[in-house]
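So the protein sequences, as listed, match chains X and Y. With numbering that gives the first Met the number 0 as the guide, the letters of the first sequence map in order to residues 0 to 182. With numbering that gives the first Met the number 0 as the guide, the letters of the second sequence map in order to residues 0 to 537.
Honestly, the hints are just simulated from the structure, not real lab data. Because the structure is a prediction, the values reported are computed rather than measured. There could be a bad hint or two in this list.
Unchecked claim - Every beta carbon over 12 Å from chain Y, so not counted as near; a handful from chain X, in silico:
| hint | residue |
| --- | --- |
| 1 | Thr118 |
| 2 | Phe178 |
| 3 | Leu179 |
| 4 | Val180 |
Unchecked claim - So, partial list: chain Y residues that the calculated Cβ filter (under 7 Å) puts toward chain X:
| hint | residue |
| --- | --- |
| 5 | Ala191 |
| 6 | Leu195 |
| 7 | Leu202 |
| 8 | Thr212 |
| 9 | Pro318 |
| 10 | Phe321 |
| 11 | Asp420 |
| 12 | Pro424 |
Virtual Cβ for every residue (Gly too), placed ideally from N, Cα, C.
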Amino acid sequence: MFRGSIAFSEEAAQFPRILSALTIGFAVLLLARNYLPGPIRAFVAEPYQLVGDNEVEDEFGDDADETTDDAAEADTEDDENIAGAYVYDVDDWVGPAVVALLSLGYMAAALVIGLIYSTPLFVAAYLIWAKRPWSEVVILAFAGFVLAISFDIITIRSVGDGIWTGWQAPSPWDQIRLFLVMH
Amino acid sequence: MSVSLLLEGVIIPLETSNWGVFGDALRGLFVGGENETIPFIPDALFYVVFGILIGIVVGALPGLGPPLGMAIMLPLTAPMQPANGIILLIGVYSGAMYGGSIAAVLINAPGVSSSAATTFDGYPMSKQGRAATALSISATASAIAGFVTVIVLLLFSPILIQLVLRVGTPEYFLVAVLGLAMIVIVTKGSMAKGLLAGVAGLLITTIGTAQMTAERRYIIGPQSLQFELSDGISFVAVLIGLFAIAEMMKLAGQKGSISQSDIKMDGGILEGIKLTIARPVLMFKSGFIGMLVGAVPGAGATVSNFIAYSEALRSSKSPETFGEGNEEGVIASEASNNGTVAGSIVPAIAFGIPGSSSTAILIGGLLMHGINPGRGMFEASGELQTTYIMLLALLVGNIIILIFGLTMVTKLGLLTKIDTDYIIPFVIVLSFLGTWVLDFRIIDVLSLVLFGIIGFYMVKYNYSIIAFVLGVVLGDIAEDNFWRSLLLGSSDFPIVGSYSIFIDPGQRLLAPFLTLTIFLILFGPFVKRWVDNKRSAT
């Protein structure tokens, strides 16, 4: 983004240029935190808290030759010991990965077939992964379908059209009518 | 016409013309207009009640909390009148702050991190067969402390108004930076990580059309995406991603947050009310601790609750019983919890600086409805009525919390039994639907998922999410004020040129003071420790 800002006029470039320079600066400092001297290392790597306990060990200059792994471990421990810090405590990494993948799948499906039909598919996929009984999968997938349709009814634009493709889903009402006619 | 108010030797004019605006706000909330959605019930009042109930449910569900509830509701407020939309968000915020105590007391799993202190004594009370008493204490302390702190805020609002109206463009930019600095040092660990998060958030807002020259910045991708990107990345989509998708990813990775056993609702509701009312000093002290700490950007309810709890422990006649079901611990934590709501709203509406993640979303709600935080929120010709309606909604909300909390106390345990396997897919579905109907933009859906995943890893690796949110929400305002400040600054100044406006007392009196404060906050402690270390070494 720093490079990109060169193409803008001075007025438009100033703010993003400063911010991208700062981003690069902080990122470089963080990457090199184990090799930084004294107060700069404290600023970059050590936790500091104005409110709550702030018993950070003074390590200026003492551990400059620590191995990267040790320092990273110490860093993580420091982070975990901060009072009031909000850090995720995850027991099982499969869950977050599945939610992320299913969300990406949901997004892809919504781009192609729209949210009305992708919603029950997503709900069902999650519940199947969570090993819920089939009766729950069916009922909750239907609940997801109803939720999506209710958004379709109250909003000005269809929720059912493919977001990217513009593919128009057959109206659920037409489907029900067709089903009734066929049977 | 004006009267004068003596404040620390300074005479501050108190505009009585604002009383009319206050009266309009009262009428808007309690009387309403002719075209109300539900006959005889003002829309504003309906949205307060609805918001509080939604908030209590969201707060009580383990793993969810005020920011997530507000993020999900945010796009749904888009078609509403701005005041009603904001009232709904305020209701969810206030309700969820109370709701968090339900899971804390009943299953030792606080629905929100701010209720963590409530678990210390609330859960032992449940194990002793006093769950209903603990929940009744929670409702009473939350409601009364919340009510009183909002009253104090309303009483002091004329002074606040005068102070805010004296702040100019360079100061607004510096206050935004100061807020970022405060958030970085108040919330957590490494400052560089916090600042990196904040700066990255600001950087994201530079994507799109530049306000000052109408140039298109960082527009890439297919034609349809380029068209959407010229309007920039929607901060609402980013907020929903950060608070809904990221939180659901976290929830899917946690085990044991749901109650496995039947919760018995024993104990007396009246006993809880009596125990709370019998300790007014503790309750009000904790409420005001919450209010003051809540006003510090980034501190939020978690910090204020621990401070209030520690103070209750320090001043108690029986400190040895804390952690074993001492009702004073629950009173302190819960009174502080809802006191924080009033406090955190002050910097949010006055300067656009969120005191917590929830107020960051509230600011997002204001901006989404075309209301800019800042002086306009305190001008009779601007949005002062909205400000008063927000505060009055908080006031009414506390009464609703009291009524609902006490009457439904025996039923609230059911909420903690809802399995996360049901919560996760539906929160994600609501996030997608809400984000899409917001503006019907592909980029919003992409942002939702992208920032959800990024947000998860940011919190996991201790990069301040609230600093990032502050950057995303305030980016446009910060750039606008930054640019205008440079236009106002004298370019004759050596070396720094127009930037002198931030450091030259001759141009702006307050701006150099703010700049110095920012530097002292960020670097002062480290320089001091370094100097101390050098001294002790020699």
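Cross-check of the supplied hints:
no.: 1; hint: Thr118; verdict: violated, 5 Å
no.: 2; hint: Phe178; verdict: holds, 25 Å
no.: 3; hint: Leu179; verdict: holds, 28 Å
no.: 4; hint: Val180; verdict: holds, 30 Å
no.: 5; hint: Ala191; verdict: holds, 4 Å
no.: 6; hint: Leu195; verdict: holds, 4 Å
no.: 7; hint: Leu202; verdict: holds, 4 Å
no.: 8; hint: Thr212; verdict: holds, 5 Å
no.: 9; hint: Pro318; verdict: violated, 18 Å
no.: 10; hint: Phe321; verdict: violated, 17 Å
no.: 11; hint: Asp420; verdict: holds, 4 Å
no.: 12; hint: Pro424; verdict: holds, 4 Å
In the structure shown, a violation is registered for the earlier hints numbered 1, 9, 10, in ascending order.
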